[in-house]
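So the protein sequences, as listed, match chains A and B. Under UniProt numbering, the letters of the first sequence match residues 1 to 368, in that order. Under UniProt numbering, the letters of the second sequence match residues 1 to 368, in that order.
To be clear, the hints were calculated from the coordinates, so they are not data collected in a lab. Keep in mind the model is a prediction, meaning the values are calculated, not measured. Certain hints may be false.
No copy labels: a pair is met if it fits in one copy or bridges any two.
[Unchecked claim] Listed below are the simulated SDA-like cross-link pairs for lysine to any residue, each with C-alpha atoms no more than 20 Å apart in a straight line: (1) K272 - E253; (2) K272 - E282; (3) K222 - G264; (4) K163 - N4; (5) K222 - E276.
Number of protein chains: 2
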Amino acid sequence: MSENIVIAGGGVIGLSVAWRAAAAGHRVRLVDPEPGRGASWVAGGMLAPVTEAWPGEEDTLDLGQESLRRWPGFAEDLAADGGDPGLSLAGTVVVAHDSADAEQLRVLGEYLVALGRSAESLTGRELGRLVPGLSVRSGLSVPGDLAVDNRKLLTALLAAARKRGVEFVPREVTGIRPGAVVAGAELRCDAVVIAAGARSGRLHPALAGLVRPLKGEILRLKPARGCLPPPDRTVRAVVEGRPIYLVPRADGEIVLGATQYEAGFDEAVTAKGVRELLEGAERVFPAIAEYELTEIAAGLRAASVDTLPVLGELEPGVLAATGHHRNGLLLAPVTADAVLAMLGGAPLPPHVGPTAPARAHSMIPEGA
Amino acid sequence: MSENIVIAGGGVIGLSVAWRAAAAGHRVRLVDPEPGRGASWVAGGMLAPVTEAWPGEEDTLDLGQESLRRWPGFAEDLAADGGDPGLSLAGTVVVAHDSADAEQLRVLGEYLVALGRSAESLTGRELGRLVPGLSVRSGLSVPGDLAVDNRKLLTALLAAARKRGVEFVPREVTGIRPGAVVAGAELRCDAVVIAAGARSGRLHPALAGLVRPLKGEILRLKPARGCLPPPDRTVRAVVEGRPIYLVPRADGEIVLGATQYEAGFDEAVTAKGVRELLEGAERVFPAIAEYELTEIAAGLRAASVDTLPVLGELEPGVLAATGHHRNGLLLAPVTADAVLAMLGGAPLPPHVGPTAPARAHSMIPEGA
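Only chain A is shown next, with the shape it has when bound in the complex:
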């Protein structure tokens, strides 16, 4: 049955839901003062459920793996409707610079092998041959963890949504209730989808405390003439306890991320964040010292209490698709499919079960 849907938020989640819902025949309006920007615009673009995994977060890993399986089809459909999103199949290496980092990586490697995931341990020398310019002690190669060009993806989603008839309302959402979204005027509808990222917690009482901003700073760099070219695949590392990643883009640029701070809604790029990212990157890939620094930026991820997103009905006619933490780009396909199922009244597949909004309320720390 065709419904009249309003989506609050035009990041990668809101746009993916809008595109898929419009393609399925629903009437869709998407409300965002600047669709295609926000945290999605500042993302690194890793589609990396395995190398993001950590013991105790198996639900996140399962959901991520399920979404990653859907990514090639999602990218193919998107290429047909809106343009190539720049999916890279080159894989990921996770590297350790010193013995403490190597120990942390050993724990991750053993955990992944125990789960039956594809992860190959490599020496520093082997890694240097695989990815010229890496200066590391040891590492893991995880060929299944991929990457996407976040800005190409957003551009393609905007075009695909427009092609499928999504109406864009360039306003700030100030209120939500069953059957209506307030954004300057009141937009009446059958169903609201809250996909407002870090700001979702302000839009519905059931999300307050569940979703909070988690600042991340990223840099963009490109090799100067005569420099060693960027790595051909994603490189992740933990340097002095801080995670960093280098994600190459097809045009030769590198996205270097990402810091994590609890800083409220502050989106300032800090001196220390930039210094730490550059130091960490030079440590594992020294040639980056001579690269041109072309952009510094910060975004607010929608952190959730347990790293799982919040997907489901908050009350009749109000759905949440938010709290994707560091995994918004990865989880876009599985999220869009889940929202479509909910709109159609279909049962949710089992991998989405742990994301139900109700599970999270018991997890909010007292006083939050």
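Dock chain B against chain A, hints included.
Leaving out everything else, chain B in the frame of chain A:
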């Protein structure tokens, strides 16, 4: 006698000469595709002949001191014609972080005292009381070294030049000869002034090899809420052999500079340059770590062979006012006055003598 003058270059030197020459009654055209930008826009704004001094560079110190004496009058005239240039009288401290830096500073201090300059040695504790937040071993207070807000200065110079009737020609200069400047069309005139900064060496054979680009990277930062406020005066330091400076602006911003590279006409901001500036600044003023990094930029100084500018006649009707090295803002008043004297056929004052173009040819390294 009123002359018809064309000035090639609209940085701080070209604009100062244009304003002063037009105010003196000359017809002035200034040719620059983007006047008020270039290296002057990226400068730190120090007016610091004393703390820039080094044994063996006495001519540079004398010229700088002479120009600094003219700065208050220059700023007052400019405020009347074009607006307040943001001259700060707060002074400068030069600080040492470790024992090697302290030794270098001791040499500078003894040299300054021997020259009879005002420079007071201070302990780290004394400096911490004078400038809260400084974390240093020792230092020198040099109250006579000042600073100007380079962007306010450029804005004021543009307005003052317009008010005095300077005609702006927004084109690139491609050729110069006695009696004419080629910039798309040919601009005929009585005298040409070459004030094209790092690009001056390309505009006249007598400047080739004398003036070369010297890249400098600078950052701009501002305190986040709750941060310690910036120092109230210019702070200079040498950290691990690399000079850095922090120059506060009246609006709370800090300009952090400056790297120095021989990199041809490349204006890319490098990863290493930014990392070193941030590291150095955190070392002497740790609170800056939490500041917001609002801008990264690079400019090309017009380096000369001996740090002195090139001021004088290259051939009849062609004057040079370029090669100001790290001192373009400081030397703008004395340069404008010298060019005015030359245009009027007046004898040059003695402090300008060492800047004669002829002196420099013997100093060009063989093969350059």
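Against the structure, the hints:
1. K272 - E253: between (23 Å within a copy, 17 Å between copies)
2. K272 - E282: Both, since 15 Å and 8 Å are each at most 20 Å.
3. K222 - G264: between (31 Å within a copy, 18 Å between copies)
4. K163 - N4: within (18 Å within a copy, 61 Å between copies)
5. K222 - E276: So K222 and E276 pass the 20 Å test inside a copy (18 Å) and across (18 Å) alike.
In summary, this structure violates none of the numbered hints.
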